[in-house]
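K.L.:
Chain order of the listed sequences is G and B.
Numbering follows this note's numbering, with no gaps: position 10 of the first sequence is 10.
Numbering follows this note's numbering, with no gaps: position 17 of the second sequence is 17.
Some hints could be false.
Stated by the list, open to error - Only pairs whose alpha carbons sit at most 27 Å apart, straight line, appear in this in silico DSSO-like list of lysine-lysine:
(1) Lys35(B) / Lys111(B)
(2) Lys103(B) / Lys88(G)
(3) Lys88(G) / Lys28(B)
(4) Lys64(G) / Lys265(G)
I should point out that these hints are in silico values taken from the structure, not numbers from a laboratory.
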Amino acid sequence: MNITLNKITLAALTLLGTSFTSNLFAADISHSLRNKQQDNSTENYFELGLGLATGAGPTVEEDKDNEWAGAFLVVNGSYNWRGFFIEKFGESTDPLVLGFNAYTGDNWSLDIVLVPKGRGIQGGEDDRFNGLDDRDSSTMFGGRLTGYIDDNIVQFSVKHNIGSNHQGTTASALIGRNWQVRNWNFHSMAGVRFFDAKLNDYYLGISADEAARTDFDEYSPGSNLNLTAEVGVTYPITEDWVFRSTARFAQFLGDKTDSPIFVDKRDNAMSLTTSISYVF
Amino acid sequence: MLTTIVCLPMSFASNASEPDATLVVTPKNCVALHKGQKCYLEVTFDWHAKLNNYCLVNNTRSQIMKCWSDKQNGQYSFDFQSTQSNDFSLQLQETNTDVAHAKIVVAWVYKSKKRSKSSWRLF
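Whole structure, please, built from the sequences with the hints as guidance.
P.N.:
And the structure:
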């Protein structure tokens, strides 16, 4: 098992549209689940903490076990001002979510969001990637509709790349719920996310030019779906300290993990994270 | 371990008409995650006063918790569950006069602010 959670591990997880913490698509609803209020309220807060994570998934490095573990920094927060908001929830690797709350009703909320998507592999980051183009971070723009139905939260999201990276599109549908057992706050979530071929090809494809100058075979993945599930618990240790633990599982449908970029081509990933944070 | 941290002994005591009367609740702080959530805490009240008949009263709920006859001290434990801070007092049973006070403070980690409701901002 790797006892590091290095940039390449994170890049591999980014390639898959997941991460060891709340993945890109799960972050929003995870935040909602962990912060669900009967009045659909939101708040301004900031917290810092430390966490431990372990997991397994496809790898992009030679001679690396497909299990990993490491420590990570928790940087969570949100700030809302006249409908505009910045969200950061995901324990270090998640990009920011910038948005504007266009509508909030008793049961539904519609946000316009701008989401920086993490970068993928970098050509000079590992000898194995020499000759490959950098898979840079990209910006996704779209909407997210969140509904509060009985004790469930549902969230639908569509985002499209703006800029010149890949012009790809993702869409997701998630459902979750939370429940309180004394002062412990549990949540569960399941969902599906769609990645179109453009996005997958940008992060996981091997172009003819790249194939010509490297040992990688040309490869062009199609669109795919990720199925995800998550359970977690949040506990207020004191008025300022919060404990969290979350288990996540993702199943990658389609052929995206067949990409030559991956050494271990398993088609699922899982993680367990635990953290303690100070809430300012 | 987490429960232990939360339940570190804390005390609060005051007295009213009887200078020597004390009412102590341990622990006195109950922390829930979000504002508005019900907070749960196993608490114990300890009181000392002159020999007499007394009742422990939840003043927030106007509820008598327990009474004692011809006692100068007593103890009472219960499972506190509330969405707000609660004030308690030790009362002389004959006159309903408070002789000591204590408070269980309910606090939250996230003090949320409400979004405006049912309003379109953009369209």
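K.L.:
Failing hints, ascending?
P.N.:
2 and 3
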